[in-house]
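A.B. asks: Sequence:
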Amino acid sequence: MTVWKVIGYPVVIFLAGLQNISQDYYEAAALDGAGAWHRFRFITGPVTPTTVFLFITLTIATFQGSTSSTS
Numbered sequence: 106m107t108v109w110k111v112i113g114y115p116v117v118i119f120l121a122g123l124q125n126i127s128q129d130y131y132e133a134a135a136l137d138g139a140g141a142w143h144r145f146r147f148i149t150g151p152v153t154p155t156t157v158f159l160f161i162t163l164t165i166a167t168f169q170g171s172t173s174s175t176s
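The opening residue of the sequence shown carries number 106 in the numbering used here; numbering runs sequentially from there.
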């Protein structure tokens, strides 16, 4: 249950980041002769702003721990 609770947020953010990549990049790479692996590695893979955002927010969430403590 915890995996489904924790994985939802990053998946939604990564999907938004992937939708933000312009199709022009893929078309230009295909015209230059890039294969599927190279298009994935150099265009899809480095979704850097999204990755940095998730790294920071998930690190903060990890250090905060659970907000519902039994006191």
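Among these hints, one or two may not hold up.
To be verified - Label pairs and their calculated CB-CB ranges:
hint : residue 1 : residue 2 : range
1    : L163      : N125      : 15 to 21 Å
2    : A133      : L163      : 31 to 37 Å
3    : Q169      : Y130      : 21 to 27 Å
4    : G170      : A133      : 41 to 47 Å
5    : D137      : M106      : 21 to 27 Å
6    : W142      : A121      : 22 to 28 Å
Calculated directly from the structure, the hints in this document are not laboratory data. Heads up, the beta-carbon is just placed ideally off N, CA and C, and yes, glycines get one too.
A.B. asks: For which of the previously enumerated hints does the structure constitute a violation, in increasing order of number?
C.D. replies: 3 and 5
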